[in-house]
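There are 2 protein chains.
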Amino acid sequence: MSNNNPIGFIDSGVGGLTVVKEALKQLPHEQVLYLGDTARCPYGPRPVEQIKAYTWEMTRFLLNKNIKMLVIACNTATAVVLDEIRNELDIPVVGVIGPGSHAALKCTEKNIIGVIGTETTVNQKAYSQMIQHKSVETEVIELACPKFVPLVESQQANSSIAKKVVAETLRPLLKTGMDTLVLGCTHYPLLKKPIQNIVGSAVTLIDSGAETISEVSFVLDYFDITADKERNHPSHEFYTTGSEELFKSISEEWLTTDQIPVTHVVIDN
Amino acid sequence: MSNNNPIGFIDSGVGGLTVVKEALKQLPHEQVLYLGDTARCPYGPRPVEQIKAYTWEMTRFLLNKNIKMLVIACNTATAVVLDEIRNELDIPVVGVIGPGSHAALKCTEKNIIGVIGTETTVNQKAYSQMIQHKSVETEVIELACPKFVPLVESQQANSSIAKKVVAETLRPLLKTGMDTLVLGCTHYPLLKKPIQNIVGSAVTLIDSGAETISEVSFVLDYFDITADKERNHPSHEFYTTGSEELFKSISEEWLTTDQIPVTHVVIDN
Numbered sequence: 001m002s003n004n005n006p007i008g009f010i011d012s013g014v015g016g017l018t019v020v021k022e023a024l025k026q027l028p029h030e031q032v033l034y035l036g037d038t039a040r041c042p043y044g045p046r047p048v049e050q051i052k053a054y055t056w057e058m059t060r061f062l063l064n065k066n067i068k069m070l071v072i073a074c075n076t077a078t079a080v081v082l083d084e085i086r087n088e089l090d091i092p093v094v095g096v097i098g099p100g101s102h103a104a105l106k107c108t109e110k111n112i113i114g115v116i117g118t119e120t121t122v123n124q125k126a127y128s129q130m131i132q133h134k135s136v137e138t139e140v141i142e143l144a145c146p147k148f149v150p151l152v153e154s155q156q157a158n159s160s161i162a163k164k165v166v167a168e169t170l171r172p173l174l175k176t177g178m179d180t181l182v183l184g185c186t187h188y189p190l191l192k193k194p195i196q197n198i199v200g201s202a203v204t205l206i207d208s209g210a211e212t213i214s215e216v217s218f219v220l221d222y223f224d225i226t227a228d229k230e231r232n233h234p235s236h237e238f239y240t241t242g243s244e245e246l247f248k249s250i251s252e253e254w255l256t257t258d259q260i261p262v263t264h265v266v267i268d269n
Numbered sequence: 001m002s003n004n005n006p007i008g009f010i011d012s013g014v015g016g017l018t019v020v021k022e023a024l025k026q027l028p029h030e031q032v033l034y035l036g037d038t039a040r041c042p043y044g045p046r047p048v049e050q051i052k053a054y055t056w057e058m059t060r061f062l063l064n065k066n067i068k069m070l071v072i073a074c075n076t077a078t079a080v081v082l083d084e085i086r087n088e089l090d091i092p093v094v095g096v097i098g099p100g101s102h103a104a105l106k107c108t109e110k111n112i113i114g115v116i117g118t119e120t121t122v123n124q125k126a127y128s129q130m131i132q133h134k135s136v137e138t139e140v141i142e143l144a145c146p147k148f149v150p151l152v153e154s155q156q157a158n159s160s161i162a163k164k165v166v167a168e169t170l171r172p173l174l175k176t177g178m179d180t181l182v183l184g185c186t187h188y189p190l191l192k193k194p195i196q197n198i199v200g201s202a203v204t205l206i207d208s209g210a211e212t213i214s215e216v217s218f219v220l221d222y223f224d225i226t227a228d229k230e231r232n233h234p235s236h237e238f239y240t241t242g243s244e245e246l247f248k249s250i251s252e253e254w255l256t257t258d259q260i261p262v263t264h265v266v267i268d269n
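Chains A and B supply the protein sequences, listed in that same order. For the first sequence, position 170 matches number 170 in the UniProt record's numbering, and the numbering has no gaps at all. For the second sequence, position 147 matches number 147 in the UniProt record's numbering, and the numbering has no gaps at all.
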C-alpha cells in the first residue's frame with residue numbers, strides 16, 4: 001500500500017527548511033508542503049498561549065490541504081504544543097525535540113549535553129525533560145540564544161556580525177565539559193560553521209532536523225503510508241505568511257535549487 | 001504516564017546484544033528481557049519457513065513475560081517475519097532493517113550503499129527493498145557473509161582468522177564506489193575493526209543496532225510507554241536456548257559488565 005498525500009511541515013520561518021532539506025534527500029518520492037510563519041517570526045520571545053494559537057493556525061492551514069502527516073519543524077512550537085496537537089489529530093504528528101534528544105543520548109560519552117534554543121524552548125526545559133526522562137543521570141545544560149534566529153531570518157548567517165554574536169552568546173557553555181551540543185532550533189544549522197568554530201571539534205553538533213527525518217521515515221513505514229516509489233519529482237509547495245522574495249532567496253540558497261515555488265498566504269483569519 | 005513492563009529483545013544468538021548495549025546506554029531506566037536462540041544459531045542459512053517458526057517461538061516466550069514492546073534484534077528474522085509479527089501483536093514491534101536503512105540514506109552522499117548480511121537477509125533483498133522504497137535512485141549492493149556469524153558465536157571475532165575471513169569476504173565490495181556500509185546483521189559490530197580496516201576510513205559503517213534504539217526511544221514516547229525515570233538499575237534478564245556459560249562469556253565481554261544473569265531455556269515445545 002502507498003499513500004501519495006503530502007507531508008506537512010510548519011515552522012515559525014525559514015528554519016524548518018533545514019528539516020525539509022533532509023526530507024528531500026532521504027525521501028525523494030514524498031511530496032512536501034511547507035508553511036513558514038515568517039510574518040510573525042520569531043516565536044521564541046512570545047507568550048506560550050500565543051505560540052499555541054499560531055501553531056494551531058499553521059496546522060489547520062495544512063490540514064485543509066490533505067496532509068498525511070504533520071512535522072512540527074520548529075523547536076519552540078514542539079516544546080509548547082506537540083502533545084496537544086498529537087492528541088487532537090487523526091494523522092501522525094512528529095516534533096523535532098524527541099529526535100534531537102535521542103541522537104544526543106546516542107552520541108554523548110561523558111553524559112554531559114549542551115542544548116541551545118530560543119527563550120521559550122529553554123524556559124520550557126523541553127530538552128532537559130525529554131533527555132532526563134530517558135536518562136536521569138545525564139547532565140543537560142540549556143542556553144537561550146535569542147539573537148540567532150533574527151540573524152538567520154535577515155540573511156546575515158554568514159556575516160562577521162554572526163561570528164561575533166555566536167562567540168559572545170556561547171561563552172557560558174565553553175567550560176561545561178559537554179561533548180555533545182544540540183542545535184535546538186531549526187534555524188541554527190545555518191550557523192553551524194561559526195558554532196562549531198567556537199565550541200571546537202571535540203564537541204559533536206546534533207542537527208535535530210536531520211534526525212527528525214529518520215523518525216518521519218520510521219512513521220511512514222510503521223503506519224504504511226509511504227509514497228509510491230515510482231513517483232519521481234513530486235511538486236513541492238512552499239507557503240509563507242511574509243515576503244515571498246525573502247523566503248525564496250533564503251530557501252533557494254539553503255536547498256541549493258532555484259525551483260522553489262513560494263506563495264504568500266494569510267492564515268490568521 | 002509510565003509503563004514499567006520490560007522491553008523484549010530476540011535474536012538468533014548473541015548478536016542482538018549489540019542492540020541491548022545501546023539500550024542500556026540510551027534508556028537506562030528500561031528493563032531489558034533478552035532471548036538468544038543460540039542452540040539453533042545461525043538462522044541465516046535456514047529455510048524461510050523455519051526462521052518464521054523459530055522467531056514466533058521466541059516471540060511467544062517473551063510475550064508470556066508481559067513485555068510492552070518487542071525488538072526483533074536480528075536482521076534475518078526482521079527480513080522474514082517483521083510484518084507478520086507486527087500485524088499480529090497488540091504491542092509495538094520494531095525491527096533492525098528500517099533503522100539501518102534510514103541511517104544509511106541519511107549518511108550517503110554518493111547514493112551508493114553497501115550492505116552485508118546473512119544469506120537470507122541478502123536473498124530477501126530486505127535492505128535494497130527498504131532503501132529503494134524510499135529512494136529508488138540509490139544504488140544498493142548487498143553481499144552475503146555466511147562465515148561472519150559463526151566467527152562471532154565461537155568467540156573468534158578478534159582472531160587473525162577473523163581478519164583473513166573478513167578481507168576475503170569483502171573483496172567484491174571494494175571497487176563499488178560505496179561511501180556507506182550497513183552492518184546488516186547484529187553480530188557484525190563485533191567485527192567492526194577488521195571490517196573498517198578492509199573498507200577504509202572513507203566508508204562510514206552503519207550499526208543498525210545502535211540506530212534501532214533511537215526508533216525504540218521514539219516508539220516509547222509516541223505510545224507513551226516510557227518507564228518511570230525514578231527507576232534505577234532495573235534487573236535485566238537474559239535467556240539462551242544454548243550454553244549459559246558461552247553466552248555469559250560473550251555477553252559480559254560485549255556489555256563490559258560481569259552482572260549478566262543468564263538462564264538456559266527450552267522454547268520449542
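Hints are computed from structural coordinates only; laboratory data are not their basis. Don't take each hint at face value.
Just so you know, same-sequence chains aren't split out, so a pair can sit in one copy or run between any two.
[Unchecked claim] Using 20 Å as the maximum straight-line C-alpha spacing, the simulated SDA-like pairs for lysine to any residue come out as follows:
(1) LYS68 x HIS133
(2) LYS110 x LEU255
(3) LYS68 x TYR222
(4) LYS68 x PHE223
(5) LYS68 x LYS175
(6) LYS65 x ASP268
(7) LYS106 x LEU205
(8) LYS229 x SER128
(9) LYS164 x ASP268
(10) LYS21 x ILE198
(11) LYS21 x ASN87
(12) LYS21 x VAL136
(13) LYS164 x ALA144
(14) LYS229 x VAL136
(15) LYS25 x GLN132
(16) LYS229 x ASN197
(17) LYS192 x CYS107
(18) LYS106 x THR204
(19) LYS125 x LEU255
(20) LYS110 x THR204
(21) LYS25 x CYS107
(22) LYS25 x ASN4
(23) LYS125 x LYS229
| said: Check the structure against each numbered hint from earlier and tell me which ones fail, lowest number first. | reply: 5, 9, 10, 11, 16, 19
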